[in-house]
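**Student:** This is what each chain is made of:
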Amino acid sequence: MTELQIGILGFVALFGLMVMRTPVAFSMLMVGFFGTWIVEGLRRAGALMLTESYSAVANYSLIVVPMFILLGNISSEAGFSRGLYDAAHAWVGRFRGGLATASVLGCAAFSAVSGSSVATAVTIGKVALPEMKRLGYGDGLSTGSIAAGGTLGFLIPPSTGFVIYAILTEESIGRLFMAGILPGALMMLLFIAAIWIVTLRDPAQGPKGHAVPLAERFTLLFRALPLLIVIVVSIGGIYTGIFTPVEASGVGAALTVLLAFGTRAMSLSGFKRAVMDTVRTSAMLYMIVIGANVLNPFLALTNIPDALGHALEALGIGRYGTLIVILLSYVVLGMFLDGLAMLVITVPIYYPVIVALGFDPIWFGVIAVIVIEMGMITPPVGLNVFVVKNVARSVPLATVFQGVTPFLIAMIVCILLIILFPDIALIIPNSMFN
Amino acid sequence: EELKFANFLAGGHPYTTGTFEPFAEMVKEKSGGDVTVRLYNGGELGPGPVEQYSRALDGVADLSVSLAGYTANTFPLTLVAELPGVLNEETGTQTLWDHIDMLKGEYRRVQLVSLWSSAKNYIFSKDKPVRTLDDVKGMKIRVPSRNTGLMVEAWGATPVSMPVSEIYNSLQTGVIDAAMIDGTGVNAFKLGEVSKYLTIGIDSTNSPFFILMNRDAFKSLSDKDQKAVLDAGREASQLGQDTQLRVAAEGIKAFAGMPGHEVITPTPDAAAAFNKASASIIPEVLKATKGAQDYYDALKAE
Amino acid sequence: MSVTHSKTLRSLSVITDRATHALSVVAGVLLLAMVVIIAWGVISRYFLGAPILGLNEIVQLNAVALAMLALPYATSSGVHVRADIFDRLIGWGGRFLGDILTRCLSILVLYHLTERAWYKAMDALEFGDTTNMLALPLWPFYALMAFGMGLCILVFAVQLITIIANRGAGDD
Ligand code: NA
Ligand code: NA
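Line by line, the protein sequences give chains A, B and C.
Okay, so the first sequence: first residue is 1 according to our numbering, each after it adds one.
Okay, so the second sequence: first residue is 1001 according to our numbering, each after it adds one.
Okay, so the third sequence: first residue is 2001 according to our numbering, each after it adds one.
Treat the hints with care, since some could be wrong.
[What the hints assert, rightly or not] Distance ranges between label pairs, derived from CB positions:
(1) Ala2019(C) with Ser269(A): 21 to 27 angstroms
(2) Arg1038(B) with Thr263(A): 36 to 42 angstroms
(3) Phe15(A) with Thr1017(B): 48 to 54 angstroms
(4) Asn1088(B) with Phe421(A): 51 to 57 angstroms
(5) Val332(A) with Ser2044(C): 35 to 41 angstroms
(6) Glu1025(B) with Met1(A): 25 to 31 angstroms
(7) Ser269(A) with Arg1038(B): 54 to 60 angstroms
Since the hints were derived computationally from the structure, they do not count as laboratory data.
Glycine included, every Cβ here is placed at the ideal spot set by N, Cα and C.
Make the full structure from the sequences, and use the hints.
**Tutor:** As C-alpha cells, this is what we get:
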C-alpha cells in the first residue's frame, strides 16, 4: 500500500469512527496515532502524540479560548446579554419584524464578547424566543433569526473559528479578528434585510410591537452599558493596539467579572456555574486541538495535502474555479460535520492551495469561517438549529430549517460580496497594521 | 533509509533552499544513496520553532532544526557562544566547530549534526532613534533569549520576551518600543513596516541555530552512513551561516533604502558605551554554568 | 443483572464523577488565576511601566494544568462534540457496538499517551528540563498530563462497564 492510500484510508477511518459515535476529537487522535503507527512505527506515533498534545495545550495564543468563553458565560449569568436584547428590542421592536431584527442585533452585540455560535444562539434565544412567541411571530422567522443570528458569534470577533484557523496556519489572531468585523456587520445587515423581505411578503410572520417611550429606550440602553463597556475595551483594545488578543481576552474577562459582582447582577452560584462551564467547554476545545495536532502530521506523512493540492491544480479550472470547488466542499462537509472539526480537517489541506493561488490567507480565513457558519444551519446536522429547537421545544425541526432558508441566502450573498470586494474583510486589518 | 527532517520554516525560505535542501543532497551523495533526507517544510510535522528540539528528542522527526536559545536551560554552554563580543560574525561557525568537543556533555540526548552562529541581533526601534546608550534607557525591548534579556537590562532598558511571530503586531501597536532581532527580520517579518530606525555596529548577542538528530535514528545507521550525515551536517553549518549573513545583510540594505528609514551606526564612543554595558553581563552568565568559563576562554582565544 | 452488581456499578460512576468534579474545581481556580495573571501583566506594563518577563510561561503552564485537570470532567460529563446524525442509521446494535468500540480505542490510545507522558515527565526530571526565561521545571506538567489522561482512561473504563452491563449507553 502506498502512503497516499494509507492516508485516504485514514480519512475513511475518520469518517467511520464518527459514524460509530466516537467524539470528533478522539476520532482525529485515533486516526493520527494509529495511522502514524502503521506508516512509521510505534515509536514515532507515540512521540508524535505526546509532543503535539503538549504543544497544543501549551500554545500561548490558545489562551483566548478559555478567557473569552468565561467572558461570555459570565455575561449571560449576570444578565448582561439580556440587557443587550432588551435595548435592541426597545429601539426597533415597533417596526415590522422588529423583534426578529432585535434578536439579530442582540446576537451581533453578544457575538462581540462570545466566541461561539452555540452560546450566542442559546443566550439570546432564551430571552428572545418567548418574547416573539408572545407577540405571535411565525415560528419559522423567530427560530430562524436566532439560529442564523447565533452564527455571528463565529464571525464577529472574538471567534473560536478564527483562533483555530490562526493556530493551524500561524496567521495572526489579531489580524483575523479585525478582518471579521466588517463582514460581521455586513452579515448582520443582510440578515436584517432578509427579515424585512420575509415580513414584506408575509406581514403575519412578524407583527409590529409596541412603541417604547424615548426615555425608556435610553434607560434600557444605559442598562446594556456594562457589556458595551467590555466590548469597547476588549475588541476596541485590540483594534487600537493597546492589547494583544490574549491580553484583551484576559482583561475583558476580568472586567466582566468585576462588573457582574460590582453591579450585584450575578449570584455566587451563577458565578460557579459560569466558571465550571468554562472549564468544561475549554477542555473539550483543547481536546479538539490536540486531535487536530496529532492528525495533521499524519496527513503530511502520507502526502495527502500535496496530492489533493495537485489534484485541484490538475482540474485546470483557474483560481476562482478552484476556490468555488473548495467552497462547495465546505458546504457539503458542513451538512454533516461540526464547524471546528471541519476547520481542523480542511485547513491544512486547503491553506497551501489557497496561498499558492495567490489569495490572501486572512481573507480566506473569513470566507472559510462564513461557509462553516452556513454548515451550522444546514440540514441534516445544523448545530445551531438543534440548539434553537432545544429552546423552542414545540417548534418542529423542519420548521426551523425552513425558517433559516432566507438567512442562508443572505450568507451566500455575503460571501459573494466578500469575494467580489475582498476589502470588506481586509481593509481594517490592512489599515491597522500597514 | 529515509530520514524525516522537520523544518518549521516555509519551503521558499532562504534557509530551506540555501541550507536544508543542499544538506539533504549532500547526505544522499555522501552515503552513496543509502540515506535520503525528506524535508517537511512549513511545520508540517508540527508548527513553530520552540518544540522542534522535543520533536528530534522524542522522535517525531529524525532531524529537526531549531535555535539553542529556545531551550536555553538545556544548552547553557552552547549559549556562551551567543554572548556579545564572543564570536566574530564571519568566522563564528568555524570557531564553534574548532571547539565542538567541549560541548559534548550538552548533546547526550540528541545527536548534534549542524551548528552555526547567526548574524548579530540589532535594535529595530519603532519611532525613537537609538544613537547612544541614553536613548535606549527605559525602552521596552523584545528579546529573543534570556542572555539578550540580561544584556538589554544592562543597557537600562526593559526586556520583554515574546515569540518572533508577535513582534510585528507588538511594534505596530506600541506594546514594545523596539525589538532585538537580526537583519533577516526585515524580509522575513516585514519589520521595516513597523519600525523606522535600525541601530547596528555594536556588540550584541547572536542566536546559534542547530540541526539535531534523534539518538536512536542515528544509532540505527551504519558507521559509514553516520559519517555521511555528520560530514554533510558540518558542511551545512557553514552554508547555514553564509545564508544567514547574506539574508541579514540584504535585510539591512533594504531597510536603509526604505523612505523615511535610517540605519544608525553609533559613533565609536557611543558604541564603546554599549559594548561595555553588554560585556558586564558575561561574568555572571559564565558563573552560572560549570565549564562555561573554559569554553568562553577557548572561543575568545581565536 | 443482580442488584448488588448494579449498586457497585453506580457507586463506581459516582466515585469517578466526584473525583473528576473535584479536579475541575481546581481547574476553575486555575482559570481565575489566569484571568488575574493576564490582567496583572497588562496593568504592570501600562500603569507601572514594568512588563513582567516570562509571564507567558506562567500562563502557558497554567493552561496545561487547567486543560489536564478539566479533561476528565469534560469526558465524564460527555461534552465532547460528536456527529450524531448516523445514530438512527446504524440502529441499536450499531450504537451499542460503536459505544464499546469508541471506549476501547480511546482507552488504548490514551494508555499510550499516558505512558509516554509519564516517561517524558521522568526524563524531564532527570535532565532538569525547564522553561526558557523563568526556568520553571517542566516535569510536573508532563506528570499532570499523564495524570489527566490516565483519569480519562478510568472514566472510559467505567463507562464501558456500565454500557455492557446495561446493554447500551442510554444517551439515545
Ligand atoms: Na464572536
Ligand atoms: Na449542517
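**Student:** Please write out, lowest number first, the hints stated earlier that are contradicted by the structure.
**Tutor:** Numbers 2, 3, 5, in rising order.
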